[in-house]
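Taking the hints into account, I'd like the entire structure generated from these sequences.
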Amino acid sequence: MKKMEEGKRSRRRVLVVEDEPSLRNLLDKFLSEHACCVVAVTDGRSALKYLNSGRAAPDLILTDVSLPGMDGYDLVREVKRRHPEIMVVILSGLVEETVRRNADPQPDAILKKPITLGELGDVVFGMLGMEGGDSGVKRSGEGV
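First residue of the sequence shown: 12, per our numbering; consecutive thereafter.
Hints in this document: simulated from the structure, not taken from any laboratory. Glycine residues also receive a C-beta, built at the ideal position from the N, C-alpha and C atoms.
Derived pair list, reagent style DSS-like, types lysine-lysine, alpha-carbon separation capped at 25 Å:
1) LYS40 <-> LYS124
2) LYS123 <-> LYS91
3) LYS124 <-> LYS91
4) LYS123 <-> LYS40
5) LYS91 <-> LYS60
6) LYS40 <-> LYS60
Derived Cβ-Cβ restraints for the label pairs, each shown as a range:
7) SER33 <-> ARG93: 29 to 35 Å
8) ASP85 <-> LYS123: 16 to 22 Å
9) GLY80 <-> ARG22: 25 to 31 Å
10) SER64 <-> PRO95: 14 to 20 Å
11) ARG93 <-> GLU142: 28 to 34 Å
12) LYS124 <-> GLY65: 30 to 36 Å
13) ALA120 <-> ASP85: 15 to 21 Å
14) SER64 <-> GLU142: 26 to 32 Å
15) GLY65 <-> ARG92: 16 to 22 Å
Below, the structure written as structure tokens:
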């Protein structure tokens, strides 16, 4: 029983913010299969609502830039202002320089689509201090 409780405590919490259902579901499934506790929402306002709900804060937010209502840039700005301890990763089809120029403050990482799940895992799990960063996740196959 104690081992199970330790396992639950060691799961990292990730908030996925993605409006495209198939990509949101893929990210949710992939991260959940690799010992993350995932909450997935469709837009920036829903992400802020979750953060203000009193539930356990995520260790990391993985967000798209192009979202309905509040975009990823505004979400990064609000998260870094209210919760500077939460790491934020932008996952976008935009060129990295464009994201860097428009994001103020800067996210902790920027990942360019398309990206393999292995590459995504290396960055996310590495940032979270989990096994699987730079190992363990197949680099070929399904991508984001």
